[in-house]
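Novice: Spelled out, the chains give:
Protein chains: 2
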Amino acid sequence: MSSNPVSSKSTAATAHALWQKQPKANAELFALTYGALVGELLRDLEDSSQVAAELDRMGHSVGVRCMEEVLAKLALQAAEDGSTRTFGESTDVLKVAFRMFFGIAVEATTVKRDENGTSSYSIKFAENPLDIFVELPPERQDLEYSQLLAGMLRGMLEMLQFDCSVKVVQTVLAGNETNELSVELKQVLQEGAGEDYQEE
Amino acid sequence: MSSNPVSSKSTAATAHALWQKQPKANAELFALTYGALVGELLRDLEDSSQVAAELDRMGHSVGVRCMEEVLAKLALQAAEDGSTRTFGESTDVLKVAFRMFFGIAVEATTVKRDENGTSSYSIKFAENPLDIFVELPPERQDLEYSQLLAGMLRGMLEMLQFDCSVKVVQTVLAGNETNELSVELKQVLQEGAGEDYQEE
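Here the protein sequences line up with chains D and U, keeping their order.
In this text, residue positions in the first sequence follow the numbering used here: the first is 1094, and each later residue adds one.
In this text, residue positions in the second sequence follow the numbering used here: the first is 1094, and each later residue adds one.
Errors might be hidden in some of the hints.
Since copy identity is lost for identical chains, a pair holds within one copy or between any two.
[To be verified] Straight-line C-alpha distance at most 25 angstroms; calculated SDA-like pairs for lysine to any residue:
| id | residue 1 | residue 2 |
| --- | --- | --- |
| 1 | LYS1114 | ALA1198 |
| 2 | LYS1279 | HIS1109 |
| 3 | LYS1114 | VAL1227 |
| 4 | LYS1166 | ASN1269 |
| 5 | LYS1166 | ILE1225 |
| 6 | LYS1117 | VAL1204 |
| 7 | LYS1279 | GLN1263 |
If you're looking for bench data, these hints aren't it; they were derived computationally from the structure.
Can you build the whole structure from these sequences, using the hints too?
Specialist: Laid out in structure tokens, this is it:
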């Protein structure tokens, strides 16, 4: 309740308050319905990579809608209104979005720059709300079941004017210790937005 | 908090308590994801009735899973364990299930018997959590967008040993004043279960 000057703490508090105010659905029903969606795609499409591509596409459109709402709720100016936000600062907004839409806390690594000047960071989270009932059968071990999340992240970042490539790096479902999505910045979509990311 | 002898009141209290304890997801994200599922089916299938049939099928399997959990949470014996429950009494369990999985209150009409001896009732609810963002385009006015609910209801009732035909009768989406699903009993699946429904 006390106002905390540390940005990450106040972000968490804001995110929690927003989550509390959101209309709720049952997380298990959500996971089951998502499972029905994945099952439908598996019946219609040949291989796992096609299923993942579809999930990614759907996630993108869901992510755009979600971020519109996050920005409205945060009463932030969207980037197209002239406000700027660095690529690194986008993680603060993503934390709010994951809390607000999935009710989970995510961690973000700091931005790294590779030898080509490409910036990237990772988003990590312990619980994945999509896969709580899932065990992949042996013949579908190659399926990126939660690709929707990567697509959502891509859509959300696009709304922040960051054109990114998002990949699922590791998942608890596949036996890893945590869930990790990697985010690589391809380009800043609009002048002004993200222009400071060079200085990070 | 007081124990109330009126069954419908205590059912509502039980349902509310169970809903409070459920893990939550964001209702808007759920609706958007369901929309992605329907959109996927629309792309793959020719006509609206095929889409509805698929949604019904998925709903059935989701409904079975949901009712398993309701019965476990209520610590009721499932019908196959030898306990009996009349067809009319099934509405009490459905009220709990709708509250627990959708967070909404539903009303049930009393059981009617037609001239052939077929028993039926209706489930009515004001808010439909699936269609909050939906407006059907002119060429899809014939789509039963929330057919998943009818399938779920069918699956839930099957778990209570009632083989039913469930239809969407009216929806707010289509301009009606309320949402209504009609439930018609086809047969009681197991001897013992529902044998009292004759006396209602």
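Novice: Could you tell me which of the numbered hints above are not met by this structure, giving the numbers in increasing order?
Specialist: As far as the earlier hints go, 2, 4, 6 are violated by this structure, in ascending order.
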